[in-house]
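Novice: Each chain, written out:
Protein chains: 2
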Amino acid sequence: MLGPLMHQWKERTRPVRLERRFEFESYEATRNFLDELGKLCESLKRYPDISFGKTYVNLTLASGNEGETDEISNDDKKLASKIDQICQ
Amino acid sequence: MLGPLMHQWKERTRPVRLERRFEFESYEATRNFLDELGKLCESLKRYPDISFGKTYVNLTLASGNEGETDEISNDDKKLASKIDQICQ
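Protein sequences appear in the order of chains C and R.
Numbering of the first sequence is given in the working numbering, commencing with residue 1066 and proceeding in unit increments.
Numbering of the second sequence is given in the working numbering, commencing with residue 1066 and proceeding in unit increments.
None of these hints come from the bench; they were simulated from the model.
Treat the hints with care, since some could be wrong.
Put simply, identical chains are the same to the list, so a pair is met inside one copy or across any two.
Derived EDC-like pairs: lysine to aspartate or glutamate, alpha-carbon spacing no greater than 20 Å straight-line [what the hints assert, rightly or not]: (1) 1110 - 1135; (2) 1104 - 1135; (3) 1104 - 1076; (4) 1143 - 1093; (5) 1142 - 1090; (6) 1119 - 1084; (7) 1119 - 1136; (8) 1119 - 1076; (9) 1075 - 1100; (10) 1143 - 1076; (11) 1147 - 1088; (12) 1075 - 1107; (13) 1110 - 1093; (14) 1110 - 1088; (15) 1147 - 1135; (16) 1075 - 1093.
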């Protein structure tokens, strides 16, 4: 079960993963978010699948332990909430 | 018909688009490519759909004139070859 703050993330199955879409006012805002996200990923050595265009970013957090699980790990939830903080 | 240099790009239909996958040795190399790509996109005001992970980038160049065409535009081919130059 996701915590209260995480309502914008969607839990998916097969494989278990967390997904969220971010939308921005401008390409510059999208780039700034991606730059911050890049630093966070590098610091945590976690590399989610990221797709983006001019004013959107879609994130997919596949469970850290490569699919042998059917539950969202605490690691994934922590990563998701750290990503949320970039936008606050 | 794509020019000789563009053999790594794939032409797709419905909608007409160009796709290419780039692979890199490290996350740092992936980030460097994305930074250069970001500058190019901003300078040309063209924003392809980009998806990436630790060591790959997938690019989709949807035709510049929003789908009313069934041919890859010269604009798209020019953009594709400029993107190729980032890697040379």
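Novice: For every hint, state whether the structure bears it out.
Specialist: Tested hints:
1. 1110 - 1135: For residue 1110 and residue 1135, the Cα distance exceeds 20 Å both inside one copy (22 Å) and across copies (42 Å).
2. 1104 - 1135: neither (28 Å within a copy, 40 Å between copies)
3. 1104 - 1076: Close neither inside one copy (24 Å) nor across copies (34 Å); limit 20 Å.
4. 1143 - 1093: neither (26 Å within a copy, 23 Å between copies)
5. 1142 - 1090: Classified as neither: same-chain Cα gap 26 Å, cross-chain 28 Å, threshold 20 Å.
6. 1119 - 1084: So residue 1119 and residue 1084 pass the 20 Å test inside a copy (19 Å) and across (17 Å) alike.
7. 1119 - 1136: neither (33 Å within a copy, 23 Å between copies)
8. 1119 - 1076: neither (25 Å within a copy, 22 Å between copies)
9. 1075 - 1100: Intra 23 Å, inter 29 Å, cutoff 20 Å: neither.
10. 1143 - 1076: within (14 Å within a copy, 40 Å between copies)
11. 1147 - 1088: Answer is within: at 17 Å inside a copy they meet the 20 Å cutoff, but 27 Å across does not.
12. 1075 - 1107: Intra 23 Å, inter 31 Å, cutoff 20 Å: neither.
13. 1110 - 1093: between (25 Å within a copy, 12 Å between copies)
14. 1110 - 1088: between (25 Å within a copy, 18 Å between copies)
15. 1147 - 1135: neither (22 Å within a copy, 43 Å between copies)
16. 1075 - 1093: This pair counts as neither: shortest intra-copy Cα distance 26 Å, inter-copy 29 Å.
In terms of the numbered hints stated before, the structure departs from hints 1, 2, 3, 4, 5, 7, 8, 9, 12, 15 and 16, listed from lowest to highest.
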